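A.B. asks: Residue numbers (the numbering used here), protein chains in the order written: chain A, 691 to 1179; chain B, 691 to 1179; chain C, 691 to 1179; chain D, 691 to 1179.
Rather than coming from a laboratory, the hints here were simulated on the basis of the structure.
These numbers were taken from a predicted model, which means no experiment stands behind them.
Where hints are given, some of them may not hold.
Same chains, same names: a pair is fine if it fits in one copy or spans any two.
[To be verified] The calculated DSSO-like cross-link candidates involving lysine-lysine, where the alpha carbons are at most 30 Å apart (straight line), are: (1) LYS863 / LYS1159; (2) LYS1026 / LYS863; (3) LYS1159 / LYS1116; (4) LYS699 / LYS1073.
Protein chains: 4
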Amino acid sequence: SSSSKILIKGGTVVNAHHQEIADVYVEDGIIVAVQSNLKVGDDVVVLDATGKYVMPGGIDPHTHLDMEFMGTQTIDDFFSGQAAALAGGTTMHIDFVIPVNGSLTAGLELYKQKAQKSCMDYGFHMAVTKWDEVVSREMDLMVKEEGINSFKFFMAYKGSFMINDELLIEGFKKCKSLGALPMVHAENGDAVFEGQKRMIELGITGPEGHALSRPPLLEGEATSRAIRLARFVNTPLYVVHVMSIDAMEEVAKARKSGQRVIGEAVVSGLILNDSVLWDPDFSIAAKYVMSPPIREAGHGKALQGALSSGVLQLVGTDHCTFNSAQKAFGIDDFRKIPNGVNGLEERMHLVWDTMVESGQMSVSDYVRITSTECAKIFNIYPKKGAILPGSDADIIILNPNASFTISAELHHYRTDTNVYEGVTGKGKVEVTIAGGKIVWQNGELKAFPGSGKYVEMPPFSYVFDGIEKADSSYLSSLKAPVKRFRSST
Amino acid sequence: SSSSKILIKGGTVVNAHHQEIADVYVEDGIIVAVQSNLKVGDDVVVLDATGKYVMPGGIDPHTHLDMEFMGTQTIDDFFSGQAAALAGGTTMHIDFVIPVNGSLTAGLELYKQKAQKSCMDYGFHMAVTKWDEVVSREMDLMVKEEGINSFKFFMAYKGSFMINDELLIEGFKKCKSLGALPMVHAENGDAVFEGQKRMIELGITGPEGHALSRPPLLEGEATSRAIRLARFVNTPLYVVHVMSIDAMEEVAKARKSGQRVIGEAVVSGLILNDSVLWDPDFSIAAKYVMSPPIREAGHGKALQGALSSGVLQLVGTDHCTFNSAQKAFGIDDFRKIPNGVNGLEERMHLVWDTMVESGQMSVSDYVRITSTECAKIFNIYPKKGAILPGSDADIIILNPNASFTISAELHHYRTDTNVYEGVTGKGKVEVTIAGGKIVWQNGELKAFPGSGKYVEMPPFSYVFDGIEKADSSYLSSLKAPVKRFRSST
Amino acid sequence: SSSSKILIKGGTVVNAHHQEIADVYVEDGIIVAVQSNLKVGDDVVVLDATGKYVMPGGIDPHTHLDMEFMGTQTIDDFFSGQAAALAGGTTMHIDFVIPVNGSLTAGLELYKQKAQKSCMDYGFHMAVTKWDEVVSREMDLMVKEEGINSFKFFMAYKGSFMINDELLIEGFKKCKSLGALPMVHAENGDAVFEGQKRMIELGITGPEGHALSRPPLLEGEATSRAIRLARFVNTPLYVVHVMSIDAMEEVAKARKSGQRVIGEAVVSGLILNDSVLWDPDFSIAAKYVMSPPIREAGHGKALQGALSSGVLQLVGTDHCTFNSAQKAFGIDDFRKIPNGVNGLEERMHLVWDTMVESGQMSVSDYVRITSTECAKIFNIYPKKGAILPGSDADIIILNPNASFTISAELHHYRTDTNVYEGVTGKGKVEVTIAGGKIVWQNGELKAFPGSGKYVEMPPFSYVFDGIEKADSSYLSSLKAPVKRFRSST
Amino acid sequence: SSSSKILIKGGTVVNAHHQEIADVYVEDGIIVAVQSNLKVGDDVVVLDATGKYVMPGGIDPHTHLDMEFMGTQTIDDFFSGQAAALAGGTTMHIDFVIPVNGSLTAGLELYKQKAQKSCMDYGFHMAVTKWDEVVSREMDLMVKEEGINSFKFFMAYKGSFMINDELLIEGFKKCKSLGALPMVHAENGDAVFEGQKRMIELGITGPEGHALSRPPLLEGEATSRAIRLARFVNTPLYVVHVMSIDAMEEVAKARKSGQRVIGEAVVSGLILNDSVLWDPDFSIAAKYVMSPPIREAGHGKALQGALSSGVLQLVGTDHCTFNSAQKAFGIDDFRKIPNGVNGLEERMHLVWDTMVESGQMSVSDYVRITSTECAKIFNIYPKKGAILPGSDADIIILNPNASFTISAELHHYRTDTNVYEGVTGKGKVEVTIAGGKIVWQNGELKAFPGSGKYVEMPPFSYVFDGIEKADSSYLSSLKAPVKRFRSST
Ligand SMILES: [Zn+2]
Ligand SMILES: [Zn+2]
Ligand SMILES: [Zn+2]
Ligand SMILES: [Zn+2]
Ligand SMILES: [Zn+2]
Ligand SMILES: [Zn+2]
Ligand SMILES: [Zn+2]
Ligand SMILES: [Zn+2]
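Make a model of the complete structure from these sequences and hints.
C.D. replies: Rendered as structure tokens:
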């Protein structure tokens, strides 16, 4: 049918490694050609991209759709969340499978169900929340048979997800042996627990108590710990949602020494500051509650700098939405406010405006941090993350001269609020093509449940290159065991 | 009798805050006068100190005499260790009481017994190796009735002394409330355990395996963690035996921000390097096994720099001696080599030679790091750590032009080896006066069991000054709790 | 006469090295005794200090009284400035002699004249603004015959005071050879010049242009440069007015490595922030113009932290006052606003409130940073900076429960404005004794021109201890010259 | 003819952005196709690359061929140096034009002459050694008409190339306006001069004096200065030959904050250490004399870490060769030893062995640091630095299982020594194709004078992206000029 052939004419085609003015021709969901002056037949839909950027669709490495959490369920499911994503120029995301009673297999089954209504492509990370032989064997299975190549460990959420250092080390070793990337949520959970008690004892029960109970130093601590343990094991490490200067400095220090640490920024951490948590209106303050918390002004600007120079490598959202009624569970106790903010729909626009429009980053780098680097880290490049012949036809057309406005009224989520309410900026995603179909154009969204596909992600992505050789180099550097005698004294 | 009155004439009297040429007059164990041209009667022993330094006797903040450890007992007891100390110019030490089955009270009783044969003054730190209500109450008792004002927590020694972050936080809070100083042995015990397994699996069973199993990054990690948790609790913190650049950098970073962290160097860490652990003679290599391990060349020099500028505040020894037969318990497995090195007798000489003779430090600063700062931190200044009227007559006379030589043959310990075997240097303690008696002179030692006294150390030393005000400042800075309403959405 | 004998009863006597409750007895300008329960005769003035702190009078290391600068003259001279100082608890200052046409001798003559009306003790630093053989010989003279032991070099003020790196190195070498301390005003003068042009070209001619033309990075740059050149020469270095995180970090880094760098905070840098320079009222904004400029919020807090832990060692003021009419010279061009703020009278109060009352610092440390450390650095301790028998009777009594208020109406300067207008705080200097006389009591000031004395400052203060030995250690570490042959190739 | 068509079959084709097994087809000097299973005619030379890496030819960003320097001439000219390069897998270099008596135009003319004998492609940087209106206009010309897009400033070589900060700022501004990249040789020339005098005075006249006279801190200083001045001007900056931890840390700090600083490693700095300068054989020691000097062990390893994580971006050589007779000019005075080492031929092999074979870096990253990043920075990508259809056919085939050995006997330079004499390693460039011709195969070199082409490099490479927007953002952030009134006081 007509919609399976598309020609995008005259745009600036931007890959992470290069940009050029060229036409892009798509057929049956695949990019067939990227060239100047392509000639095509009449059955081809032609989109004029003159003066606009033609870029790989965004990939969000960090979302929580349809997740049970804190006694409730995130309100955006695999359809509503993904539909919103498409409207914002994101064409793939990687969601976190949460084990069921510690069982990875059961967790995966459940998420497969949830994902059946998908309208865009997706992959899975797997959380690991306890440790035993069964879990270890399930990890094998996930990597070898289920297309999962990353496992997340929580250093916070004491009493639920949190694991201790012993298990973290075991997990890191297992991941390394599988070529799967360990990820950490880095906050010191024991200290957070203490901080929460302290706030309640002080009578600080509102959303500001959330920020005060888990200050940046606790994120810095756990980030430092995870990084050094990863170095000890000699495994690559992925730190999710770097929210503070404290954590970023740890990533920077490790990378400077050559350690393979990946730092993920999230949009809220780049842009917002914690003043909102002091808003006298509970409904407003509560919507900004996420973990690690949004930080004082100054952290965001520093994270932007780190992102622009490659100290942080990519941007996600930690999209994890609840509506006002859910947020109100914590009206008397901030510990009961479901944690999470939106971002899946806004990410591409906000990152453009913050990083490119401000002059902090080139357009190529924008493609890198919103799409390509994620595809490379999770080993699905150049199928994803590139506009190259043979790549999936996940494409956006962004008009740098148009503007965007964000509001709960206009967004495509199910939530009744938006943490970026009223924000405007330059740069507008005017067309989204996902899997070769035009799904977003002229402000119209055409998303169909079931049209999204699961993307298997093979192990041993580039971040594992040379790890084995480095292990050998290390061993041969030890000059051990020493051949010994024993003198009598 | 004649020995109770002493006049030290013509020396350069050095305190941490000032030095001047003066006479020092001692009577009945107390310094009575520090002045020029003192006239005294015939019954006074007169020592000529012209051209020499008259300084407070050394105080070693970190020793383990007569300690049960790793299935054996340190070989120097409260007599032999202290006697050696006196011969080296140290006139007081603070030893670590180890609880008996977790009981602080039982531990203290035992150590009181051990200490009865003391020939010089001493104080106690108390280790905390488990946590419950009983321990918490015992801590009260120790501070309020037993003259103990510091508690040590082990972040390593998994399966024996090690405690986790939750207990560390509880311990820090309790210490703060009592005005007692929390101390940490900072290495990540879980990772050390893993490292030890790894070395054994690699067939590295000798002393070099000790160093390789617990690299500097694990010390850096735990130091970072302890410091940030202390900041979270807002308590002063004392980090024992800073052995690596990694740990020192964490102390430096915290102090730069104004946090009250005390970093203790130890002599072995300042001077030695890990090449000795690769010695093909097990008997030699094994004697250098201590924890954290002696580090690669470069760490010591950096620690010296930090010490000279006040990033580290004082020097101890972690004196913890075993003879060759004991060290040989680990002939087939480095994990069984009793950990510990000597230093109590050598500290004053080696620090002089390394820091003063090299031009890195003034003589006043030498007094500060070997004596005065320790007395201040543990709240016994100016009774100890000063040459002032009213101070205890613990005094040394050091000849900067004489030399010292270290060897197992000459030392006053019970051990059959010395980790500084053959080391020579400038600066010699020619006289030691302890409690107003000349105990070391002309190479002759006069130490008497039972002559040493227990020194009670009151809580709330200077490092606690302002903590309460800082807590108040913090609370009033929070602008919380926020008075709230809730809008309908 | 009666006023020559004073007994201060029952106060907490605080020295940098110790505090205790004691009486202080003064006779003929000298402290005679510090002891409990002193008995004195009827001819003694008795001051009750119960519940109050008895401390060494403040010493301000950095002032500019009666200085020709930017085409005008600072409005406070050696009488008015010092009188104000006494009313604020400062009993000595060290002023900067400015050479006359580069001549040190002529400069000193002029300043001797200016200082004849002194009502409190004072010393001199000497600025060096050009370099030739004459200057070099004059430096000898200053140190050997005139009691000057410090020389200041300007890395900014292009076209007037500024010198280049070649001369800086020469100056450092000369200072080192004399045992005199080199001081630097550290900003990159070439870049400042460029920044000023840029602002004018942008039409930014008001006081905010002052801040914008010389951002913190230019202070960081010059501080980094001066410190490394000092290390290259192996001389101690004193960095005046550390105003930014950028500069402080350089000091911290150097000190951590053991380098002897002294960092001076000034009150304005600790407390104020640059928002005042954006005030729409020129008269207000202009009074805050000083160099380096007052920085963005955040810098001051960081400097406080560094000061509390000894990364910075002392606090001055850079007191350099102009009245409104003088400040108005720059009404159309910020480059013509005479640079300088007040502080001589307020320093002791503001530092107490900011550092002690907030819980960041002990009272002993307060004495150290406001008085003792300065006396030690400039080699006049314990004559100054201590309450010890034999010390000069420069003493303050501070009531921690009383309050202070600052305003131009109440201050004792000649200036018609005050940069701390309206500031209030805890802690009040109720009595000042200078040279053994009560000069400030019950809000009454008794200052007499000519009563202040010049304090000679001998070279080779403690910061030079060991420098020669360190040079020798360095040389013997070089393993050079290598004895060589030359192979044919 | 037959040689104009080449098919490389079955190799792993590696670009910086991706690697895949594919065939590469070349015609008339251009890469025509990169695809699996390409079919070609009989007139095509087929090279089997199975099991080998097919990569872009190396680009060396930093060479000095046929340069007058220190009273002599580098011994490798544009033919001999380039021929050696081809034998080592490098197919392009960028050489530094040295002005003639400050004249850029005259310098360029001279270098055009020198380059006529080129046997591979080359570009030019231009040194700027003085500053006036003529130079400024010549810079315009170089950029707009001569294909030069980078200018180098020397902060060392006092008395010859060195310029001061004022000129550096002017130069940076001019570069920025032209979209040309400023480069700096970063050492403090005044201090180096002082250091040299000092060594001579100490009687240290041999090559070790070279290292001792210009220690790492002088490189750190100048790097810090250049970076901060570049930030002040808001221009990208390229720091050539980062040789020390000190300099690297400055680059890292700047980049972390988002500043656009490019750090160039050179092979000698990565691999060698300064022990060679202490060799008792002058002939050996002298050949390692280059500036900045080769550093103590430890620096190289740290630079490797920084390179692997992108803190440093590319690797050059500073190839600048002299034979033994020339080096012997400095037999009595190290200041007269012509500075420079070889590397143009060895770079690709040594970087492979050090970074890839050791497991520190992926093969893609190897391509990035040896070729692609250089092409991007100097704006000639993807003509150079890529194996893509349309790119120049500059290609190497590297066999990871073969070995290399370096020696003066085997190398293709004119020099009679080699600083890597005797070094062996894994990874061998078996074929080099330059401009579509096989120039190196089976150990046979086919290089023809005049076959190399000048590569024009246009201004405004990617490092300038967004600079203008950043300037605007900065200006609009100033809230200046403030509209003012003036109150009467
Ligand atoms: Zn999380
Ligand atoms: Zn999450
Ligand atoms: Zn220990
Ligand atoms: Zn110990
Ligand atoms: Zn100044
Ligand atoms: Zn000044
Ligand atoms: Zn150079
Ligand atoms: Zn060069």
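A.B. asks: Determine for every hint whether it applies to the structure shown.
C.D. replies: Tested hints:
For a Cα distance limit of 30 Å, the shortest separation of LYS863 from LYS1159 inside one copy, 16 Å, qualifies, whereas the shortest one across copies, 46 Å, does not. Taking CA atoms no more than 30 Å apart as the test, LYS1026 paired with LYS863 passes between copies only; the shortest distance there is 26 Å, against 35 Å inside one copy. Taking the shortest Cα distances, LYS1159 and LYS1116 sit within 30 Å of each other only across copies (13 Å), while inside one copy they are farther apart (47 Å). Proximity of LYS699 to LYS1073 under the C-alpha cut-off of 30 Å is found in both arrangements, the shortest distances being 22 Å within a copy and 23 Å between copies.
When held up to the earlier numbered hints, the structure conflicts with none and fits them all.
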